[in-house]
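Now for the letters of each chain:
2 protein chains.
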Amino acid sequence: MIEDKNQQRTQLSDLGEFGLIDHLTKNFKLKKGSTIKGIGDDAAVLNFNKKNIVVTTDLLVEGVHFDLSYVPLKHLGYKSVIVNLSDVYAMNANATQITVSIAVSNRFPLEALEELYSGIEMAAKIYDIDVVGGDTTSSNTGLLISITAIGEVETKKVVYRNGAKPNDLLVVSGDLGAAYMGLQILEREKEVYKVNPNNQPDLEPYNYIIERQLKPEARKDIVKLLNDLEVCPTSMIDISDGLSSEIIHICKQSKVGCDLYEEKIPLDPQVISTCEEFNIDSTTVALSGGEDYELLFTISQEDYPKIKANPNLSVIGYIKEEKEGLHLVTRAETKIPIKAQGWKNFNG
Amino acid sequence: MIEDKNQQRTQLSDLGEFGLIDHLTKNFKLKKGSTIKGIGDDAAVLNFNKKNIVVTTDLLVEGVHFDLSYVPLKHLGYKSVIVNLSDVYAMNANATQITVSIAVSNRFPLEALEELYSGIEMAAKIYDIDVVGGDTTSSNTGLLISITAIGEVETKKVVYRNGAKPNDLLVVSGDLGAAYMGLQILEREKEVYKVNPNNQPDLEPYNYIIERQLKPEARKDIVKLLNDLEVCPTSMIDISDGLSSEIIHICKQSKVGCDLYEEKIPLDPQVISTCEEFNIDSTTVALSGGEDYELLFTISQEDYPKIKANPNLSVIGYIKEEKEGLHLVTRAETKIPIKAQGWKNFNG
Chain D
391 MIEDKNQQRT QLSDLGEFGL IDHLTKNFKL KKGSTIKGIG DDAAVLNFNK
441 KNIVVTTDLL VEGVHFDLSY VPLKHLGYKS VIVNLSDVYA MNANATQITV
491 SIAVSNRFPL EALEELYSGI EMAAKIYDID VVGGDTTSSN TGLLISITAI
541 GEVETKKVVY RNGAKPNDLL VVSGDLGAAY MGLQILEREK EVYKVNPNNQ
591 PDLEPYNYII ERQLKPEARK DIVKLLNDLE VCPTSMIDIS DGLSSEIIHI
641 CKQSKVGCDL YEEKIPLDPQ VISTCEEFNI DSTTVALSGG EDYELLFTIS
691 QEDYPKIKAN PNLSVIGYIK EEKEGLHLVT RAETKIPIKA QGWKNFNG
Chain U
391 MIEDKNQQRT QLSDLGEFGL IDHLTKNFKL KKGSTIKGIG DDAAVLNFNK
441 KNIVVTTDLL VEGVHFDLSY VPLKHLGYKS VIVNLSDVYA MNANATQITV
491 SIAVSNRFPL EALEELYSGI EMAAKIYDID VVGGDTTSSN TGLLISITAI
541 GEVETKKVVY RNGAKPNDLL VVSGDLGAAY MGLQILEREK EVYKVNPNNQ
591 PDLEPYNYII ERQLKPEARK DIVKLLNDLE VCPTSMIDIS DGLSSEIIHI
641 CKQSKVGCDL YEEKIPLDPQ VISTCEEFNI DSTTVALSGG EDYELLFTIS
691 QEDYPKIKAN PNLSVIGYIK EEKEGLHLVT RAETKIPIKA QGWKNFNG
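Here the protein sequences line up with chains D and U, keeping their order. Going from the first sequence to the numbering used here is simple: count from 1 and add 390. Going from the second sequence to the numbering used here is simple: count from 1 and add 390.
There could be a bad hint or two in this list.
Identical copies carry no separate label here, and so any pair may be met within one copy or between two of them.
EDC-like cross-link-like pairs, simulated, lysine to aspartate or glutamate; straight-line CA separation at most 20 Å [unchecked claim]: (1) 555 - 711; (2) 729 - 714; (3) 698 - 505; (4) 422 - 542; (5) 614 - 544.
Derived from the structure by calculation, the hints contain no laboratory data.
Next comes chain D alone, as it looks inside the complex (with noise of 0.2 Å):
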């Protein structure tokens, strides 16, 4: 569908491992004052004076993760750079640097891995941060992308999972179940292109959601907003699992329950729509198809004031006494309890 097959080709078995890591990192500059030292040497040498420091890591594998078929290198490497940051953000921190380790098969040639690393470059340029190291390797079979992210808060304003309490206000940035819809499509548009290699697929009117499947942002805008607004969240956690999932997180940890107002969840007319072209519940998708990186936190009400008046932010429910349980309140106003989602990567 996208792949150029006249592109030139480089083996990577022409370079070796210091000329393949020197080649791909070579115009990553490093630019933040807790940085001392980057790649090249045992490991990067870091400083936060005193500031607490966050650390996450993902792993995103091929077949699993993401499918080369319709995922251009370049928004890969961005994407993988920008679900480690919305960790980060997650805890109130700011990110300030990553490692990114790759492991490759032979069937990638060196410009593949070019694309690859100059998407984790722009992602390393627009959200600020330095890559301070890694690791290269060859695979077996595929593409596997291990980045670790670190980030600095101050003492006093990180933000834990735990932090809930009865009367506080579920609150959601942007909107839900875009990436997933998006993903829906370019599966769809897959199975087409293997039948008629030649058809040409509209897919203007899915521009939206297809951008925030193949190229999502992390909510650091969020973050500042917040800081900005003197609003301290009392937990916070970032969706990559589908709303469902990450209130469950929240509730279990702070020992609370919560009502979740279905006619509340921000939703864009472009899901809607293609919800309704897919015959799939719009609810249900917010609920469980993930991937949205928007921040979902809980603030105490008398900080709403703060924040009501901002388009980014919609409040979805209300944080209750952990007896009272996690309902969903349909737009018929019954009551749904909310239940974990199954881990899907295992069942395949």
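Use these hints to put chain U onto chain D, whose structure you have.
Frame of chain D, contents of chain U only:
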């Protein structure tokens, strides 16, 4: 060879994602003062109170870095941690935390992952580090382990690869080549086993070199020793790819040359006898074998009296001016240039 066909098998899909992570890490206790929050949130939270921190990461891939037909999973878990800690110690730092991510196919039952994590836990306990994060996902084939290690070091004590000066002494800890020869024994026994599965090999004569391959140690003790002796190396690196490759790194980054004395290279008697058995030159094995996880460093000549009596340390050469180049001085007193080895991983 070592697989127990009757072992209990619990399918990974029987557990949820969170059940699996909780299960595998439930025995992991946090002990470091610098760990504020470990596994269980979007990110770990650490505080190093003005000290420099070092960060390093490594990927280990089944079929590239290890062969499960003769590597017990517990040993693999242990070794995966060791190879990362070795990089931390090579910065003259103390290792404090790791994150552990694994991608694993459905052919691994839960009990296999428990074995792997028991080795990780053992290494964490022995080296006094906290496991503070990680990711667990499925892979289409095999097992992949990605570990990021974090350590702390006083700002003035960080040792890089680029500080070696002409006339410095080149020093190595322990002995070299054993892990490579251990691998040769394991590979040979694997072939014997294929032909006759009932054959019980006598591995006793090779116990040291097999242990060096399957259960290497990182030289935390050497970092402490040098500190106690008040010796601060001018440069340091750990030996993962073989002595010649590491010497080249130090000389290239320090812009110096060196003379390495063949007769001074420390070899265990089992390495010498096994090299004779395989008809391989032991110096070649020490130069190119790799996986020793010893520390290679340079010190000022004035520090020589402090280390000369120590049985853990061998002076193996001298740093020279860059224009004099890098040479091995053989037992016959001829000089041979030290050359880089190719990167085997991408040639397969």
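Verification of the supplied hints:
1. 555 - 711: within (8 Å within a copy, 67 Å between copies)
2. 729 - 714: Within one copy, since 14 Å is at most 20 Å while 70 Å is not.
3. 698 - 505: neither (42 Å within a copy, 51 Å between copies)
4. 422 - 542: both (11 Å within a copy, 19 Å between copies)
5. 614 - 544: Cα proximity of residue 614 and residue 544: one copy only (13 Å, versus 32 Å across).
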